Amino acid sequence: MAKTLYSATMSLDGFIAGAGGDMSWLKPYFGPNPEADGLVDRIGSLLIGRRTFDGDDPNKGTEQEGAFSGAWSGPSFVLTHRPPAEPVPGMTFVGDVVSGVAAARAAAGDRYVNILGAETARSCLDAGLLDEVLVFIVPVLLGDGTRLFERPGGDNVRLERISVGQAPVATSIWMRVLPA
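Per the working numbering, the very first residue in the sequence shown carries number 5; after that it's consecutive.
Just so you know, these hints were derived from the structure itself, not from any lab. One should not assume that every hint holds.
Taking lysine to aspartate or glutamate and the EDC-like style, the derived pairs with C-alpha atoms no more than 16 angstroms apart in a straight line are [stated by the list, open to error]: (1) LYS7 - ASP135; (2) LYS31 - GLU90; (3) LYS7 - GLU136; (4) LYS7 - ASP114.
Across the chosen pairs, the derived CB separations fall in these ranges [claimed, not checked]: (5) SER103 - GLU154: 20 to 30 angstroms; (6) PRO143 - GLY42: 17 to 27 angstroms; (7) PRO88 - VAL173: 31 to 41 angstroms; (8) ALA184 - ARG151: 17 to 27 angstroms; (9) PRO143 - ARG46: 19 to 29 angstroms; (10) ASP45 - THR175: 15 to 25 angstroms; (11) GLY147 - GLY78: 30 to 40 angstroms; (12) PRO143 - ALA89: 37 to 47 angstroms; (13) ARG46 - GLY25: 22 to 32 angstroms.
None of the values given here were measured: they were computed from a predicted structure. Positions of the beta carbon are idealized from the N, C-alpha and C atoms, including for glycine.
Go ahead and model the full structure; you've got the sequences and the hints to work with.
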C-alpha cells in the first residue's frame, strides 16, 4: 500500500510560503538536488490542498510550471469543500481527507502519495494518515508566512529520522511519523 509523504522546502525559520502565500522566495534555491530530483520517480499520486492548488507557482508561465518544477505528471487529487464549477483536466476533487487519502493511495499503487500544502498535511497528521515528512531546509529567514506545521494547542508528534542529506542549495531531513 502507498505511504503518504509530506514534502516541502522550508526556510530556516520554519516557513514553506512567504507572507500572503508568496512562493517567489524559492527561486534562488532551485538547483541540483539529487534527493529532490529522484523523488518524482517515487511518487504515484499527489494530494493537494485547495490553497496550494489555487496558490502561487514560482514557475508560472514557464516550461517548469506545476508540481516539482513541471516534472510531475500523474494522478492528482485536490482536497476541497469548494470544487470548481468546471472540470480541471488532470485533477480529481475530493471533499474530505479520509476519502482523499484513500483515492490517492489507490492511484499511487506501491509508490508515495505526495502531499502538497501545510493545511492538508496537518489534516492528514491529525487523522493519523501521515506516514513520512521530507523537508528541504534552505538558508534563508523569511520572518512570516505559512509554517511547515501549525498546530496551536497540539500535542507532540514523535518522529524518527530516516535520512539526512546535503545538496548545494538545501539540507534534507526525511522523517517517519511514529504512532502515538
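Hints, one by one, checked against the model:
no. : hint                                : result
1   : LYS7 - ASP135                       : 6 angstroms, holds
2   : LYS31 - GLU90                       : 31 angstroms, violated
3   : LYS7 - GLU136                       : 8 angstroms, holds
4   : LYS7 - ASP114                       : 8 angstroms, holds
5   : SER103 - GLU154: 20 to 30 angstroms : 24 angstroms, holds
6   : PRO143 - GLY42: 17 to 27 angstroms  : 22 angstroms, holds
7   : PRO88 - VAL173: 31 to 41 angstroms  : 35 angstroms, holds
8   : ALA184 - ARG151: 17 to 27 angstroms : 21 angstroms, holds
9   : PRO143 - ARG46: 19 to 29 angstroms  : 26 angstroms, holds
10  : ASP45 - THR175: 15 to 25 angstroms  : 22 angstroms, holds
11  : GLY147 - GLY78: 30 to 40 angstroms  : 35 angstroms, holds
12  : PRO143 - ALA89: 37 to 47 angstroms  : 43 angstroms, holds
13  : ARG46 - GLY25: 22 to 32 angstroms   : 27 angstroms, holds
The structure does not agree with numbered hint 2 stated previously, though it agrees with all others.
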